[in-house]
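If you read the sequence shown in the numbering used here, its first letter stands for residue 7, the second for the next number, and so on.
Derived from the structure by calculation, the hints contain no laboratory data.
Just so you know, even glycine gets a beta-carbon here, dropped at the ideal spot from N, CA and C.
Treat the hints with caution; some may be incorrect.
Simulated restraints on C-beta separations [to be verified]: (1) E221 / G259: 42 to 48 angstroms; (2) R222 / A258: 37 to 43 angstroms; (3) G79 / Q236: 31 to 37 angstroms; (4) W256 / T80: 17 to 23 angstroms; (5) A191 / G259: 16 to 22 angstroms; (6) G99 / G37: 26 to 32 angstroms.
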Amino acid sequence: MVEAVQGTGVVVTGAGGGIGAALARRFAAEGARVVVNDLDGERAKAVADEIGGIAVPGDASAVVGAARDALGGTVDIYCANAGLGSGGSEAAGEQVWAQAWDVNVMAHVRAAEALIPGWLERGSGRFVSTVSAAGLLTMIGAAPYSVTKHGAYAFAEWLSLTYRHRGIKVHAICPQGVRTDMLAATGSAGDLVLQPTAIEPDAVADALMAGIEAERFLILPHPEVAGYYQHRATEPDRWLTTMNHIQQKWEAGE
7 MVEAVQGTGV VVTGAGGGIG AALARRFAAE GARVVVNDLD GERAKAVADE IGGIAVPGDA
67 SAVVGAARDA LGGTVDIYCA NAGLGSGGSE AAGEQVWAQA WDVNVMAHVR AAEALIPGWL
127 ERGSGRFVST VSAAGLLTMI GAAPYSVTKH GAYAFAEWLS LTYRHRGIKV HAICPQGVRT
187 DMLAATGSAG DLVLQPTAIE PDAVADALMA GIEAERFLIL PHPEVAGYYQ HRATEPDRWL
247 TTMNHIQQKW EAGE
């Protein structure tokens, strides 16, 4: 059992399936009281019923108040997991870009705005951001997703460096491919880049629990991402050339 999780009040957004449902199940198994949030109320209720949690359906951007009430007044751990896997290029369209920013970045900002004052007052709180390896690296064929996931990672990083001395813990989960509906929706780009090393959602939950125990900010369910991230930072032109070769392979349909 993860001591830091036992008895806590946890909120997981986008928890009707995929990574979110796996996180909700694992938190419940570790002895937490779990609010399951999802836009799809039926899916949220199904997961909540399964784990003995509380379903609070609705937009992740506005769930904090209702979730806090459902937990008796206190949220100890907030998992900003809901996300959009928006594909496309710079020409994806203003609405696509705006929706990606709103869900993948601003929902995290709004949750933090609602939670941080209370956490600072009591000197504790834990914010978990489901980012993606795309937030450290990139993803071919998905400019809105890649750019906004970079934003989500940057915001989690900023929260950590700003508040860690005041008792607030922050974790950024950055997996590559995970066998979820979102991965299936990536089409041929996902088949080329993500499917070969895709993991199950439960493996992401395992990695998060290990990260919480170690009080580690950056959580990499695919450990090899650390090497890619280092390569990107130290040899950017070589890294971009490698990624461009993958882009060309995708365009050629190989």
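Hint by hint, here is what the structure shows:
1. E221 / G259: 42 to 48 angstroms: Holds - the Cβ-Cβ distance for E221 and G259, about 45 angstroms, lies within 42 to 48 angstroms.
2. R222 / A258: 37 to 43 angstroms: holds (39 angstroms)
3. G79 / Q236: 31 to 37 angstroms: 43 angstroms Cβ-Cβ, so the 31 to 37 angstroms window is violated.
4. W256 / T80: 17 to 23 angstroms: Roughly 47 angstroms apart at Cβ, these two residues miss the hinted range, so it is violated.
5. A191 / G259: 16 to 22 angstroms: holds (19 angstroms)
6. G99 / G37: 26 to 32 angstroms: violated (45 angstroms)
In summary, the structure is inconsistent with hints 3, 4 and 6 from the numbered list given earlier, while agreeing with the others.
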